[in-house]
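Given next are the chains, with one letter for each unit.
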Amino acid sequence: MQTIRILYFARLRESLGLSGEEMPLDQALSVQALMALLAARGGQWQQEFDGCRPLRAAVNQTLVANGSMIHAGDEVAFFPPVTGG
Amino acid sequence: MQTIRILYFARLRESLGLSGEEMPLDQALSVQALMALLAARGGQWQQEFDGCRPLRAAVNQTLVANGSMIHAGDEVAFFPPVTGG
Amino acid sequence: MEVRVQHEDFDAGAEIARMRLARRDTGAVACFIGQVRDLNEGDEVALMTLEHYPGMTEKALQNIAEEAGRRWDIHDALVIHRIGELKPAEQIVLVIVSGAHRGEAFAACEFIMDYLKTEAPFWKKEQTASGERWVDAKASDDKARDRWHQS
Amino acid sequence: MEVRVQHEDFDAGAEIARMRLARRDTGAVACFIGQVRDLNEGDEVALMTLEHYPGMTEKALQNIAEEAGRRWDIHDALVIHRIGELKPAEQIVLVIVSGAHRGEAFAACEFIMDYLKTEAPFWKKEQTASGERWVDAKASDDKARDRWHQS
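Protein chains in written order, with our numbering: chain W, 1 to 85; chain U, 1001 to 1085; chain C, 2001 to 2151; chain R, 3001 to 3151.
It is worth saying that the hints were derived from the structure and are not from the lab. Keep in mind the model is a prediction, meaning the values are calculated, not measured. Heads up, some of the hints might be wrong.
As the list claims (entries may be wrong) - Some residues of chain U that are not near chain R, with every Cβ distance over 12 Å (derived): (1) L1012; (2) G1043; (3) W1045; (4) Q1046; (5) D1050; (6) V1082; (7) G1084.
Said to hold, decoys possible - Derived list of chain U stretches under chain R, where covered just means 3 residues or more per stretch with a C-beta under 8 Å from a C-beta of chain R: (8) 1015-1022; (9) 1031-1041; (10) 1065-1072.
C-beta: ideal position from N, C-alpha, C; glycine also.
Model the full structure from these sequences, guided by the hints.
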């Protein structure tokens, strides 16, 4: 079975109580579609992924827009706006 | 007798062969007028003070425009554009 | 262009000396150090924890430094960013840019900091008397980055 | 605001550490180091001699640093400029600015360098294979300074 790896960082990781997971993926989907899938889990997931809180996504360690496509084998990451430096 | 002190720096000092001098001064005169007096000495003096070469003037250690007045007791300095840093 | 993400502190003086002596045609070295302030938004900060995204963070910093090298005529750039727990007055980040002339070294150094602040995956959590909190991103940082789009 | 004009070399790392640890609300330190390049206008430089105007030079540097302190919200500024004979790769000038935030520290540091280059009475003489020569002032330095008139 084909999968993607999803990572959660910082406030998101703490809020979801999860730093990452494997998810089965049969066909490519957009970042936005993945966020809708995650929001559908309800509770904290809905709060974090309903699009109201500022969120950034990376696919294979590159920042992407929500329309970008995700393919099997990809590493997808979600995190709040960055605050280093 | 009242005097002013005149200082020469860098290329100017070397060209004139002089780092400074006292000059009698009976009444206030402009920087420009002093430059004309110095140019009138001829030779290197004329070359340096005829206004063709870029030259900056300071009175009492503050950069001034050529119209500024010089009074007895003042320290006047002439030098090429600065090149520190 | 070299980037390092590390728990350990860094020696800014030693890194600057190394950068400036690496090439004899280097005339200018611009650098920046960011450190933990004791106060943020009115609250005393006891400890700051810096989280990152291993792999992507290093890649993002490398890309930013290389983009600076494409935009300006510089000799080299070094970025060191610390992670983990940091106390007030501890150093967080060091950026050094060397070049022949100061204008380009300054611009590249500030560019790297502005992009690091908005594009490199680091997140700060502060411990204050009223508990833990994640530091919010600042609109002013986005603005600082967006200046570079015009030039 | 502190300025020093001296023959001796300086320890940039020690000065930076002192500046950044002086106040616990300091979050940003911007700094600049200028050094003697081995080549200038195509000629190899064997030695550079820096002349200054004792008294006026210190006053001019102090004025520039204080003007930076009026224009930007910074904590402190330090300017060290060397005089006398300097070999290639030797340090000439150090400017350090500390503040709460990076934008202001960067701007003040670059402002001080741009004004130092055009207003502080220092003159450079180079020794090359073809003899001694006074370094000419650059129009680009006047331009760099004039940018600050608009802001």
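Evaluated hints:
At roughly 9 Å from the closest C-beta of chain R, the C-beta of L1012 of chain U falls inside 12 Å, breaking its exclusion from the interface. Chain R leaves G1043 of chain U outside its interface by the beta-carbon criterion, the shortest separation being 19 Å against a cut-off of 12 Å. Every CB of chain R is more than 12 Å from the CB of W1045 of chain U (nearest about 18 Å), matching its label as outside the interface. No beta-carbon of chain R comes within 12 Å of the beta-carbon of Q1046 of chain U; the shortest separation is about 20 Å.
Distance check for D1050 of chain U against chain R: the nearest CB is about 19 Å away, which clears 12 Å, and the non-interface claim stands. Here V1082 of chain U does not stay apart from chain R, with its beta-carbon only about 5 Å from theirs, under the 12 Å limit. Listed as a non-interface residue, G1084 of chain U fails to keep its Cβ farther than 12 Å from every Cβ of chain R; the least gap is roughly 3 Å. Evaluation of the coverage hint for the region 1015-1022 of chain U: breached, as 0 residues show C-beta separations to chain R shorter than 8 Å, against a requirement of three.
Closer than 8 Å: that is the beta-carbon criterion, and the region 1031-1041 of chain U has 0 residues meeting it against chain R, so the requirement of 3 is violated. Taking a C-beta to C-beta cut-off of 8 Å, the region 1065-1072 of chain U contributes 0 residues in contact with chain R, too few for the three needed, and the coverage statement is violated.
Violated hints, listed in ascending order, are 1, 6, 7, 8, 9 and 10; each of the other numbered hints is respected by the structure.
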